[in-house]
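Line by line, the protein sequences are chains A and B. Counting with our numbering, you get residues 1 to 523 for the letters of the first sequence. Counting with our numbering, you get residues 1 to 351 for the letters of the second sequence.
Rather than coming from a laboratory, the hints here were simulated on the basis of the structure. Fair warning: this is a prediction, and the values are worked out from it, not measured in the lab. Please note that a few of the clues may not be correct.
[Unchecked claim] Between beta-carbon pairs, the in silico distance windows are:
hint : chain 1 : residue 1 : chain 2 : residue 2 : range
1    : B       : Ala333    : A       : Ile78     : 31 to 39 angstroms
2    : A       : Arg392    : B       : Pro199    : 26 to 34 angstroms
3    : A       : Ser87     : B       : Ala178    : 57 to 65 angstroms
[To be verified] Residues from chain B shown here face chain A by an in silico Cβ test under 8 angstroms; the list is partial:
hint : residue
4    : Thr213
5    : Gly218
6    : Ala230
Beta carbons are placed, not taken as given, at the ideal position from N, Cα and C, and that holds for glycine.
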Amino acid sequence: MRDSASVQQRLGLTPGTPPILSLKSVSKYFPGVIANESVDLDVYPGEIHALLGENGAGKSTLMNIVTGIYKMDAGELIVDGRRRDFSSPTDAIEAGIGMVHQHFKLVRAFTVAENIHLGWPETPKRISRNSLETRTAQLATDLGLAVNPKAVVADLSTGEQQRVEILRVLARDAKLLILDEPTAVLTPQEARELFTALRAFTARGNAVIFISHKLEEVLEISDRITVLRNGEKVATEWTKDCTEKSLAQLMVGREIVLTETHKKSAIRVKAAPVLSLSDVSLKGEQDTVLKNISFDLYPGEILGIAGVAGNGQRELTYVISGLSQPSSGKIVLDGEDVTRAGARALAQKGIGHIPEDRLHSGMAPTLSITDNAVLREYGAPPLSRKGWFSPRGAANLAREIASIAEVMVPDFNMPARNLSGGNQQRLVARREMRIAERILIAAYPSRGLDVGAINTMMRYFLELRDSGVAVVLISEELEELLSFSDRIAVMFHGEIMGTCPTDKADAETIGLMMGGTRQEDLP
Amino acid sequence: MTSMRLQRMPLAPPRVAFALRVLSVVLAILTAALVLWGSGHNPLALGAKVISSTFGSSFGLEDLSLLFSPLIYCGLSVAVALRIGAWNIGAEGQFNFGALCATGVALFVSGPVWVILPLMGVAGMIGGALWILVPTLARAYADVSELITTLLMNFVAMLLVYWLATGPWLDPSGMALATTSRLPVSVPAFWGIVHWGLPIAILIAIALSLFVTYTRWGYEVRIAGANPGAARYAGMPVRTQLIGIMLLSGALAGLGGMMEVAGTVGRLQGGISNNYGYIGIMVAVLARAAPIGVLATAFFMAVLLNGGIVLQSQGLTTHTVLAVTGLILLYAAIGDEAAHYKILRTKAKDG
Ligand SMILES: Nc1ncnc2c1ncn2[C@@H]1O[C@H](COP(=O)(O)OP(=O)(O)OP(=O)(O)O)[C@@H](O)[C@H]1O
Ligand SMILES: [Mg+2]
Chain A
1 MRDSASVQQR
11 LGLTPGTPPI
21 LSLKSVSKYF
31 PGVIANESVD
41 LDVYPGEIHA
51 LLGENGAGKS
61 TLMNIVTGIY
71 KMDAGELIVD
81 GRRRDFSSPT
91 DAIEAGIGMV
101 HQHFKLVRAF
111 TVAENIHLGW
121 PETPKRISRN
131 SLETRTAQLA
141 TDLGLAVNPK
151 AVVADLSTGE
161 QQRVEILRVL
171 ARDAKLLILD
181 EPTAVLTPQE
191 ARELFTALRA
201 FTARGNAVIF
211 ISHKLEEVLE
221 ISDRITVLRN
231 GEKVATEWTK
241 DCTEKSLAQL
251 MVGREIVLTE
261 THKKSAIRVK
271 AAPVLSLSDV
281 SLKGEQDTVL
291 KNISFDLYPG
301 EILGIAGVAG
311 NGQRELTYVI
321 SGLSQPSSGK
331 IVLDGEDVTR
341 AGARALAQKG
351 IGHIPEDRLH
361 SGMAPTLSIT
371 DNAVLREYGA
381 PPLSRKGWFS
391 PRGAANLARE
401 IASIAEVMVP
411 DFNMPARNLS
421 GGNQQRLVAR
431 REMRIAERIL
441 IAAYPSRGLD
451 VGAINTMMRY
461 FLELRDSGVA
471 VVLISEELEE
481 LLSFSDRIAV
491 MFHGEIMGTC
501 PTDKADAETI
511 GLMMGGTRQE
521 DLP
Chain B
1 MTSMRLQRMP
11 LAPPRVAFAL
21 RVLSVVLAIL
31 TAALVLWGSG
41 HNPLALGAKV
51 ISSTFGSSFG
61 LEDLSLLFSP
71 LIYCGLSVAV
81 ALRIGAWNIG
91 AEGQFNFGAL
101 CATGVALFVS
111 GPVWVILPLM
121 GVAGMIGGAL
131 WILVPTLARA
141 YADVSELITT
151 LLMNFVAMLL
161 VYWLATGPWL
171 DPSGMALATT
181 SRLPVSVPAF
191 WGIVHWGLPI
201 AILIAIALSL
211 FVTYTRWGYE
221 VRIAGANPGA
231 ARYAGMPVRT
241 QLIGIMLLSG
251 ALAGLGGMME
261 VAGTVGRLQG
271 GISNNYGYIG
281 IMVAVLARAA
291 PIGVLATAFF
301 MAVLLNGGIV
311 LQSQGLTTHT
321 VLAVTGLILL
331 YAAIGDEAAH
341 YKILRTKAKD
351 G
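In isolation and in its complexed conformation, chain B is listed as follows:
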């Protein structure tokens, strides 16, 4: 007789881990379908609708790309910080503030496009970095957890954007109630409405992943993230690294904000960040903070969000989509743990 047993392995085999990731996604979607079905919808029809309107037309694909791009920026932002062991919960705020700074440049500096656009990019990055500066310094010098501080900064940035867009920077033409006027410059599009923000994001992800493996700094960040004590022992400037990486994290989210305002939306308005910063946390965690992985998980999240928009047009609320993303995260966590187990068949001895 054979008996079966579970055995926990210290390392999860990558193939099993990947398979379980896929399985967790499928399970989450199945669960959601079940709930939809239970509440009187036809999940198959809804699913078909989502797929056809996302992938069935170039409009759908363009919409998808416009969601994909900010998720990459925010996902990379969170992932980079995770590499050195910091939780940037504030990508949302940095995104907002980056958008705000870029808008400031666009509205108040005049010059040729090829000067203004890069300047806006720089402003966005500086804005994002500024927005994480205080949490960074607090963490680096006073060991204050960045978890809370970055989160709190989000609300400030959000309110700031609302205030500017409805007050001092409100479109003077009187046409819009709660946005600035249309920015005089915009990130050029290369395919339909999809602008260069996307390819740039992909390039940044590739660059970051090369950076992690093939630069000396990447190695140092790996050590400092895994054990700051060992990094200090090897004489690495741990504090400087932490500050550098966290500012980079903020800058990435800020650049995402600039691309959003100057490429996708065209004007600064409240809620421009659309929760990308928070979803970015999920993107980064699912990708295990690997920059190339972020591309995959950001794409996947974009599909979900887009699906959510389609579902909304079918009379479902955004909560459904949020619930599905939550489910995926839950199943993925279970799957990650399960990947460590292997089933053993042992021949039980007679008697």
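Extracted from the complex, chain A is given alone in its bound form:
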């Protein structure tokens, strides 16, 4: 280990500068799980410190301890040289530590200005809407985070909402900002803006702890990296000395071979499409969210859907999985009109759906892991016979799904929300793959997964494809689409701009189509 003097010097601090945050032998146990074991961590002013680890390694738990959401079972927490013991997030905020969670905690019906001032002791007791907005605008310029104070949160994009969250934290004079997988839901452009804001923030002598599974971006943004494995800290390294490979190895504890994804061109066993959409449109509350979508999906192919999030991808998955009924148009599954068949019928016909928002639509977080694991298969034998439900059968199936998903579950009766974010995603993904006999719709399936889990999942997608299942893969990561799909369709404002085979596609033309150029108008 390096002596701390050199750490400060390398960070450009005067020798002897104390860390903003220092954890000493912090441990946290849940029934049957060691979430953190004797973790040491020092975060200095001016640094962006990345926290890495596999799903369930204990990253979120450790940060929840730092922000007073959980209490540690052993160890010490030192903030600015003082030993602290936070009993609530408010205490942590007062000590200058703020956290932005992966699931935002904004009031959606309120404006940006109202959200910023909500629950803030410094908000004057009586204040007009106008002065709230001026104060917000002032804060925004001071802190270098562009927001529109008048806008209602529900109307903002994910990236903008996150900026409001960050502004909310920074306005309370945070010196340490903790971000839990902040870029998982951002477009590359929004991620870039976030990084600029973070750099400006640390340049003022503040610090950031940054949790992410995207090694590339961790290498780009951080100064130092701490890696957790099974709740223990395995190393803190200077980012300059790391590579994606070395980090992956630290996380897993052995050399990981990312299986080369041999892209055999899809076998077209049947020339007939498994699913055809013709002229499908969907009206939303205000405007049309899907406009005249037509495409054929063939068995044994992976169809990638590219596009900036919010351009109708979610609605498209809803229409195909039967969660929404199109306002016009026709959907045909293996020759059968299923336009109005509904979600249950389509699931029974072998359409699996990994939803974009697992917590709100794919799971019931307060119910047991067992109840959640059997959500797709509860209605058929061996779980149900003639209306009777077998709890034992459910428990068996849940165990089976958890074991192939490689999720360690100490107690299947524990509410599913206690699982780590990535483990929730793994369970949902496995549950859906099991029923996907014809089609698997996967919306941002790698969100929240660690590198190894993404690799395993993608390998499984390829296996599904080779066995004749059609996979619809929605992703914001062009690279993922280019390396796994057989064809790529690009969505913009609820329309498909064009579709092309992956071997004829390049990042540039896809980029143009994502920006709204139709394929036929391409140069």
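Start from chain A and add chain B with the ligands according to the hints.
Only chain B with the ligands this time, still in chain A's reference frame:
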């Protein structure tokens, strides 16, 4: 040196939770005793009186059973709705209206007892379901909160019963001032004055609890109650389930009303519901909406109510009893939260 610290756990260990429940009851009774003592009564003597007159004789036990039974029906009614995330504040009204419908059958349909009694049961259930129908549809189709609507319906049902019992259906013999005539049929008793309404209630509770764990519908209701979004995603007919469960909730309270009028009271009269519907909310909440739990909490509430009646004969008002039930609820809520905490002894390091 060791220091002690509190730690909040995400799940309360069941044994601790149960112990704290018991403790909260004891504390509530102690508080009440203290207040009684402060106001010049002898709590020990009063307590002894309550216990001896409740458990000391078969009359006491019979009275207790007659309170126990309607509380089960109402508790189950509220609990069932809670399972799917609906607050049925209107068990009181459904109870009244169920009693009213059953009375209608008894007074105006003639036939052999074995036809009329089941018919009254059905009428009671249909009545209860009808009384929650409008709030149900409003919630299912227009997302109108059932909290207020079910509550409002209570007053209507209550007034309706008063009006019928003192007006159109008033006992023609002129013997009674504010009730209907004695119903020609009644739910047979099996022990003293205790009628079959009680065992039937217990059977229903057991059936419901099996239903929750061992039927496919029970599973679906669990999902829909916890996250309607997930239920829709799995293709469950969420709206139909909500409607079905809420109507069932109303029917249970209505059946309770039928048993009350045809088993316990024998005639329809104003105030026949005796606040059972409201106390049922407490019964269900204390039981955490578990049907078997309802049996325990309903029994407990029956003991309290019965105690209250005994105390009244000792010159205390009903408010005392209401205060005690309120206290229990308060302490139980505190206890539930406290059950999440565990005390940690940490060895503080030297220096
Ligand atoms: N409230 C809780 N009750 C029980 N176990 C919990 C609770 N919270 C977390 N755990 C367990 O602690 C372990 C660490 O979880 P944590 O959420 O910290 O992982 P993580 O590193 O953030 O993973 P991910 O990358 O998937 O988000 C997991 O095994 C998880 O199931
Ligand atoms: Mg996490």
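message = Holds or violated: the hint that Thr213/B contacts chain A, with Cβ atoms closer than 8 angstroms.
response = OK, holds: Thr213/B within 8 angstroms of chain A, min 6 angstroms.
inquiry  = Is the interface hint satisfied for Gly218/B? The criterion is a beta-carbon contact with chain A at less than 8 angstroms.
reply    = This hint holds: Gly218/B lies near chain A, its Cβ roughly 6 angstroms from the closest one there, short of 8 angstroms.
ask   = Per the CB criterion, is Ala230/B less than 8 angstroms away from chain A?
value = Nearest chain A Cβ about 5 angstroms off; hint holds.
request  = Take a look at whether the Cβ-Cβ distance between Ala333/B and Ile78/A falls inside 31 to 39 angstroms.
outcome  = Since Ala333/B and Ile78/A have Cβ atoms about 37 angstroms apart, the given range 31 to 39 angstroms holds.
task = Please test the hint of 57 to 65 angstroms on the beta carbon pair from Ser87/A and Ala178/B.
result = Holds - the Cβ-Cβ distance for Ser87/A and Ala178/B, about 59 angstroms, lies within 57 to 65 angstroms.
inquiry  = Tell me if the beta carbons of Arg392/A and Pro199/B are separated by a distance inside 26 to 34 angstroms.
reply    = 30 angstroms, holds
Checked against the numbered hints listed earlier, the structure breaks none of them; every hint is satisfied.
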